[in-house]
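> These are the residues of each chain, in order.
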Amino acid sequence: MWLTDKLFAFRAPGRGRKPQPPDATVFQAILPLKLKDRVSGKHDKSKAGDCLYEMSLVIACLKENDYENKLCQKEVSAFNGCYKKYLKETAESKAAQQKGILVPGDRNMTRKQISRLLKIRPML
Amino acid sequence: MTSLQKLTTLARLLSLRQQSRTELVNATRNYSVFNPTYVKPVFRPEEQEALDQEEELKALSLLPIKPAFTDDTSSEFYDKQVNKFINFLMREGKKETARKALENTFENIKRIQLEKYNKATDPAEKEKIELDPRAILRQAIENSTPVLELLKMKKGGQTYQVINDTFHIQFEKLADDALFCCIKVPVPLTEKRAQFLGMNWLIQAGKDKQMKVHLSEKLAHELIDAANNEGRVIKKKQELYRQCEANRSYAHFRWF
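Going down the list, the sequences are from chains A and B.
Under this note's numbering, the residue at position 60 of the first sequence is numbered 67, and the numbers go up by one with no gaps.
Under this note's numbering, the residue at position 56 of the second sequence is numbered 1165, and the numbers go up by one with no gaps.
None of these hints come from the bench; they were simulated from the model.
Every residue, glycine too, gets a C-beta built ideally from N, C-alpha and C.
Be careful, since some hints might not be right.
For lysine-lysine, the following DSBU-like pairs were computed, each having C-alpha atoms within a straight-line distance of at most 30 Å [said to hold, decoys possible]:
{"no.": "1", "chain 1": "B", "residue 1": "Lys1235", "chain 2": "A", "residue 2": "Lys70"}
{"no.": "2", "chain 1": "B", "residue 1": "Lys1261", "chain 2": "A", "residue 2": "Lys101"}
{"no.": "3", "chain 1": "B", "residue 1": "Lys1261", "chain 2": "A", "residue 2": "Lys77"}
Listing some non-contacts, in silico: residues in chain A with all C-beta distances to chain B over 12 Å [as the list claims (entries may be wrong)]:
{"no.": "4", "residue": "Ala31"}
{"no.": "5", "residue": "Phe34"}
{"no.": "6", "residue": "Ala67"}
{"no.": "7", "residue": "Lys101"}
{"no.": "8", "residue": "Leu125"}
{"no.": "9", "residue": "Pro129"}
Pairwise CB distance ranges (calculated) [claimed, not checked]:
{"no.": "10", "chain 1": "B", "residue 1": "Gln1157", "chain 2": "A", "residue 2": "Lys77", "range": "28 to 38 Å"}
{"no.": "11", "chain 1": "A", "residue 1": "Lys77", "chain 2": "B", "residue 2": "Lys1228", "range": "24 to 34 Å"}
{"no.": "12", "chain 1": "A", "residue 1": "Ala67", "chain 2": "B", "residue 2": "Arg1220", "range": "34 to 44 Å"}
{"no.": "13", "chain 1": "A", "residue 1": "Ser100", "chain 2": "B", "residue 2": "Lys1219", "range": "49 to 59 Å"}
{"no.": "14", "chain 1": "A", "residue 1": "Ala98", "chain 2": "B", "residue 2": "Gly1202", "range": "27 to 37 Å"}
Required output: the full structure, derived from the provided sequences and hints.
What follows is the structure, given as structure tokens:
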């Protein structure tokens, strides 16, 4: 029940605009009032680990050795190995996401996986 | 047949021969016609021997194999790194020119090093002087290859300007002036990218010269300098590291 128009029925003159009667705009359900069976999810991020720690070690070593990377072979090889691993993992996870393979018991699902699940079991 | 007729027929024959040659060159462009099931050729004898020992050669011989490129030879003088360097040196597809330029560079390196060798009186000092130009090129590439790079990033609505070219000091000054609005993100490199940067810096240094000086002369000096871990290219690399160190707080932008 709308009270606004009743309360403001006896308005003093010059006290602003009269409120709109509730029948003037009736809500129309243009689209069905339920969620769609898919998600867009534009911000999927890979969960592969980063190489920040390794990079910081390399930079510290370079500074210590007057920016001569030959003296930091150990740090550099660890850093490169980490980056290679990172690239491989991201490529693999991206491929899995593209396919949208459903893994039973998976809590953190990607958008493709959720869309696939909703396609199999649509919302009522 | 008159002499003029003879000349014209000769000219026609020559032009025909040239045409067939260009066709041969263009044939390499059609390498992608081969089905993806085709296997890349193994053209190095040592690799073939290794495959033979692992008994994979027999299986490989039953597969369809792509033809090898013209510069993929089993010659003793084949050097993968030298070939790559020639390809980076090449402009407008003029491989012959690039190859000749590098050969002249090698000749110049040999001359410079031999002069040093003959001038040296101490035998211990003489031993230290590297006379093989290919070894010098290898060493120069190894010394000039970086392990980090700076990358342009757009973050928080601001476009961060990146000045990666530390060769030109005026650009660097520009970067310092606009420091409060710009960031550079230190990032790791793939093997391929690192190799490209190292080789390309050497080539850039060789090309930064007066018109009168030949590329082969300038490049020879740059290569020798880089092989001795000194000179402009090494300075450029160290300057890049210095900038990476200054911008290490932005490193997380690469991953997050």
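> Hint by hint, say whether it matches the structure.
Checked hints:
1. A threshold of 30 Å between alpha carbons decides the hint, and for B/Lys1235 with A/Lys70 the separation of about 34 Å lies outside it, so the pair is violated.
2. At roughly 24 Å between alpha-carbon atoms, B/Lys1261 and A/Lys101 fall within 30 Å of each other, so this suggested pair holds.
3. Under the criterion of a C-alpha separation no larger than 30 Å, the hint pairing B/Lys1261 with A/Lys77 is consistent with the structure, at around 26 Å.
4. At the 12 Å boundary, the C-beta of A/Ala31 stays outside the reach of chain B, the nearest C-beta of that chain being 41 Å off.
5. Non-interface status of A/Phe34 relative to chain B is upheld: no Cβ of that chain comes within 12 Å, the nearest being about 37 Å off.
6. Its beta-carbon lying about 9 Å from the closest one in chain B, A/Ala67 breaks the requirement of being farther than 12 Å from that chain.
7. Once the 12 Å rule is applied to beta carbons, A/Lys101 is consistent with being away from chain B; the minimum gap is 15 Å.
8. Every CB of chain B is more than 12 Å from the CB of A/Leu125 (nearest about 29 Å), matching its label as outside the interface.
9. The Cβ of A/Pro129 sits about 35 Å from the closest Cβ of chain B, beyond the 12 Å cut-off, so the non-interface label holds.
10. In this structure the hint that B/Gln1157 and A/Lys77 lie 28 to 38 Å apart at CB holds, the actual value being about 34 Å.
11. For A/Lys77 and B/Lys1228, the Cβ-Cβ distance of about 28 Å falls inside the hinted range of 24 to 34 Å, so the restraint holds.
12. Distance hint check: the CB atoms of A/Ala67 and B/Arg1220 are about 43 Å apart, consistent with the given range 34 to 44 Å.
13. Against the hinted window of 49 to 59 Å, the Cβ-Cβ separation of A/Ser100 and B/Lys1219 comes to about 52 Å, which satisfies the hint.
14. Under the hint 27 to 37 Å, the C-beta atoms of A/Ala98 and B/Gly1202, about 32 Å apart, fit the expected range.
Hints 1, 6 from the list above are not met by this structure, while the remaining hints are.
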